[in-house]
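Colleague: Protein chains in written order, with the UniProt record's numbering: chain A, 1 to 81; chain B, 1 to 191.
No wet-lab data here; the hints were simulated from the structure.
Note that the coordinates shown come from a computational prediction; the quantities given were computed from them, not determined experimentally.
Please note: incorrect hints may appear among the correct ones.
What the hints assert, rightly or not - DSBU-like cross-link-like pairs, simulated, lysine-lysine; straight-line CA separation at most 35 Å: (1) A:Lys79 to B:Lys93; (2) A:Lys24 to B:Lys90; (3) B:Lys93 to A:Lys24; (4) B:Lys120 to B:Lys93; (5) B:Lys49 to A:Lys14; (6) B:Lys124 to A:Lys14; (7) A:Lys14 to B:Lys93; (8) B:Lys42 to A:Lys79; (9) B:Lys120 to A:Lys79; (10) B:Lys42 to A:Lys24; (11) A:Lys14 to B:Lys120.
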Amino acid sequence: MSSEHDTTETLDVKGQSCPMPVVKTKQAIDDLETGAVLEVVATDSGSMSDIQGWADGTAGVELLEQVEGDDTYTHYVKKTS
Amino acid sequence: MSTDTPTASSDEFDPAELEALRERVAELEESVAETADDGGQKMTIVATKGTLDMAYPPLILASTAAAFDWEVVVFHTFWGLDILHEEHSKNLKLSAVGNPNMPMPNAVAALPGMDAMATKMMRKRIDDNDTATIEELVDLALDQGVDLQACQMTVELMDYDEDDFYDEVTTGVGAATALQHMAESDVQLLV
Chain A
1 MSSEHDTTET
11 LDVKGQSCPM
21 PVVKTKQAID
31 DLETGAVLEV
41 VATDSGSMSD
51 IQGWADGTAG
61 VELLEQVEGD
71 DTYTHYVKKT
81 S
Chain B
1 MSTDTPTASS
11 DEFDPAELEA
21 LRERVAELEE
31 SVAETADDGG
41 QKMTIVATKG
51 TLDMAYPPLI
61 LASTAAAFDW
71 EVVVFHTFWG
81 LDILHEEHSK
91 NLKLSAVGNP
101 NMPMPNAVAA
111 LPGMDAMATK
121 MMRKRIDDND
131 TATIEELVDL
141 ALDQGVDLQA
151 CQMTVELMDY
161 DEDDFYDEVT
171 TGVGAATALQ
181 HMAESDVQLL
191 V
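Same shape as in the complex, but just chain A (with noise of 0.2 Å):
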């Protein structure tokens, strides 16, 4: 799970499924600064393609990355604005 993101913050969500990694995603970003970086560990795998169609779909996010590891998703959202 090495990234080279300057992460601001984790949020787990392991265990948790649809809809929950994307809404804690929301609730987090919403809780964070402009600029910064939250770091979303999952184990659902729809997590891969929800939260990259919610950070299109949504204004002020940038998905910057996605890690699909050996049971987990981790993925990389930037607060833009």
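Got chain A; can you put chain B on it based on the hints?
Modeller: Relative to the frame of chain A, chain B by itself:
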């Protein structure tokens, strides 16, 4: 075929008319800009079912849409009211009858206790998979500002009381309110 148009007036246009047109254009540009600013998506869901399986889709879609910053209204009517009913929402049931995917014939599924068994099996799966409960999803949706509405006509029909519902549920609304939201929405769903 002549393409001649009456050009006589174009040479001598009226400055007052031109000014009026300029004002009108500015007005229209402003109104277009306002509409664009209002660019957030809207969704209206009508939730009519209160079985355990049918309670999930409206709540999951609503809370996800709210995460997209969409403005969301869920209008609950008939059995859909049970999703908003604080007590009933914790005990929604699954029907064993009428679902050909159940691992038993309908004649057996109709026997006493079969609905309870099907519900128990589903609850165990929900638990094992760490799927959110209906209660959690209702709280989550309300937390995110989803407008959960209870249709007044069916509230009375089912003999429910306003106090039966979760605190932030909107009551005292009817079909006209629902239609108004639907007309303004980008996405409308009936569940």
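Colleague: Each hint should be assessed against the structure and marked as holding or not.
Modeller: Checked hints:
Taking the CA atoms of A:Lys79 and B:Lys93, the gap is about 41 Å. The hint is violated against a cut of 35 Å. In summary, the hint linking A:Lys24 to B:Lys90 is supported, as the alpha carbons are separated by about 22 Å, within the 35 Å threshold. The straight-line distance between the Cα atoms of B:Lys93 and A:Lys24 is roughly 28 Å, inside the 35 Å bound, and the hint therefore holds. A distance of roughly 9 Å separates the Cα atoms of B:Lys120 and B:Lys93; the hinted pair therefore holds under the 35 Å criterion.
A C-alpha spacing of about 31 Å is found between B:Lys49 and A:Lys14, which places the hinted pair at or below 35 Å, so the restraint holds. Restraint check: the Cα-Cα separation between B:Lys124 and A:Lys14 comes to about 19 Å, which is no more than 35 Å; the hinted pair holds. As the CA atoms of A:Lys14 and B:Lys93 are separated by approximately 28 Å, the hinted pair is consistent with the 35 Å bound. The hinted pair formed by B:Lys42 and A:Lys79 meets the criterion: a straight-line CA distance of about 23 Å does not exceed 35 Å.
Of the supplied pair hints, the one linking B:Lys120 and A:Lys79 is violated, its CA atoms being roughly 42 Å apart against a limit of 35 Å. At roughly 21 Å between alpha-carbon atoms, B:Lys42 and A:Lys24 fall within 35 Å of each other, so this suggested pair holds. For the suggested pair A:Lys14 and B:Lys120, the alpha carbons sit about 25 Å apart, so the restraint of at most 35 Å is met.
Hint violations for this structure: numbers 1, 9, all remaining hints satisfied.
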